[in-house]
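Q: Listed here are the chains, written in short residue letters.
There are 2 protein chains.
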Amino acid sequence: MRIAVIGTGSAGQALASGLRRIGHDVVTGTRDPQATAARDDWNGGALATYAEAAVGADLVVNATGGGVSLAALAEVDLEGKVLLDVANPLDFSNGFPPTLTVKDTDSLAEQIQRAHPEARVVKSLNTVNGAVMVDPARLPEPTTIFVAGDDEAACRLVRGLLVELGWSDIVEFPALDAARGLEMWLPLWVRLMSTLGTADFNLKLVR
Amino acid sequence: MRIAVIGTGSAGQALASGLRRIGHDVVTGTRDPQATAARDDWNGGALATYAEAAVGADLVVNATGGGVSLAALAEVDLEGKVLLDVANPLDFSNGFPPTLTVKDTDSLAEQIQRAHPEARVVKSLNTVNGAVMVDPARLPEPTTIFVAGDDEAACRLVRGLLVELGWSDIVEFPALDAARGLEMWLPLWVRLMSTLGTADFNLKLVR
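Chains as they are written, first to last, in the working numbering: chain E, 16 to 222; chain X, 16 to 222.
Keep in mind the hints are simulated off the structure, nothing from the lab. Nothing here was measured: the structure is a model prediction, and the numbers come from that model. One or more of the hints may lead you astray.
Because identical chains share one entry, a pair is satisfied inside a single copy or across any pair of copies.
Said to hold, decoys possible - Below, a list of computed lysine to any residue pairs in the SDA-like style, where the Cα atoms sit at most 25 Å apart:
| # | residue 1 | residue 2 |
| --- | --- | --- |
| 1 | K219 | A152 |
| 2 | K219 | G181 |
| 3 | K219 | P155 |
| 4 | K219 | L180 |
All chains should be modelled from the sequences, with the hints used to inform the complete structure.
A: So this is what it looks like as structure tokens:
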């Protein structure tokens with residue numbers, strides 16, 4: 016599958032590497048490809064502008080920071096595309112703990128869907144960090160990942176990708192507005208990261 | 016230990032029964048004890064008014080609905096008391112899914128603490144339903160429970176009670192404002208309850 020990963024932060028880089036490793040044709044979209052390529056922390060891989068990256072892609076992944084997602088995606092033609100949104104609307108401008116720029120009665124995923132009614136937005140993977148997203152087996156036992164979206168075929172495509180990445184316990188919400196709960200998990204996630212001293216953790220849903 | 020459980024809903028009733036079962040002297044506080052005693056769903060046990068219930072209690076548990084917690088607790092003398100807050104600020108007035116009356120930069124637990132600076136508020140058990148609160152072994156494997164509070168001795172007292180109830184994986188946040196994350200877990204919890212068709216579930220923190 017041809018996949019465009021939008022965003023070059025730790026989540027974007029982990030996703031690009033992880034998706035390439037399982038055989039996908041991945042290009043990363045960034046504002047300025049030359050500047051990204053010159054960064055010390057850039058781990059390599061094909062780069063293109065936001066607009067170019069998505070051309071011909073079967074799947075576009077939003078891995079930009081939540082605060083800049085709408086601006087970055089405004090440059091991308093998402094007509095008919097499945098958009099996997101892994102971003103979180105965290106605002107660190109007032110220090111730790113971060114707050115959420117959108118919550119409760121709305122979510123970043125829904126904001127993106129409203130800005131791009133021609134796309135089919137699916138929220139997933141935002142509940143874990145980049146390393147766990149693409150390698151759930153790094154944790155000592157299987158954990159749970161969530162999928163939320165209004166479009167059944169788009170959710171199915173994302174679910175298939177999750178299985179390829181090694182996820183086995185996948186809980187699906189057939190409505191994009193369930194992204195509210197998935198994004199509101201982050202304040203607890205951030206506290207846990209701070210208390211545990213690691214981002215290598217996830218929840219397992221026991222039922 | 017003498018424990019006052021404030022609130023007669025399903026969480027309050029489960030807590031009163033569960034705490035009595037492990038040997039505590041429990042009285043339930045309610046607005047109108049006679050009216051509560053006459054209710055079809057009242058499972059028995061000592062009743063008193065909000066104000067009377069807390070007299071002589073070593074621990075007061077807020078198990079009222081989040082929307083009425085501040086009003087109910089206003090009738091209780093919490094001077095020097097440890098207050099275990101298990102409530103959630105859920106607002107169902109606009110139907111399902113509920114929204115939160117307080118979130119992100121504040122929490123119900125912190126509102127209660129500000130209203131009762133003479134009390135030592137600890138947030139715990141709000142992340143599971145009443146049946147699981149007092150009987151974590153009803154789930155197929157051990158799961159995780161959280162404790163958040165500013166007062167170390169108060170947190171220790173609550174932790175001891177959790178161990179008595181059967182909780183083994185207890186993650187403690189040494190700050191009451193971590194209650195924000197614990198309360199913001201609820202939107203995901205509510206969706207899960209709806210999707211799974213049961214409230215008999217919890218998260219296990221895998222790290």
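Q: Under a CA distance limit of 25 Å, which applies to K219 and G181: within one copy, between copies, both, or neither?
A: both (15 Å within a copy, 19 Å between copies)
Q: Have a look at K219 and P155 and pick one of within, between, both or neither, based on CA distance no larger than 25 Å.
A: Both ways: K219 and P155 sit 11 Å apart in one copy and 12 Å across, limit 25 Å.
Q: Can you tell me if K219 and A152 fall within 25 Å by alpha carbon in one copy, between copies, both or neither?
A: Both, since 13 Å and 16 Å are each at most 25 Å.
Q: Please work out whether the CA atoms of K219 and L180 approach to 25 Å or closer within one copy, between two copies, in both situations, or in neither?
A: both (17 Å within a copy, 21 Å between copies)
When each numbered hint is compared with the structure, no violation occurs for any of them.
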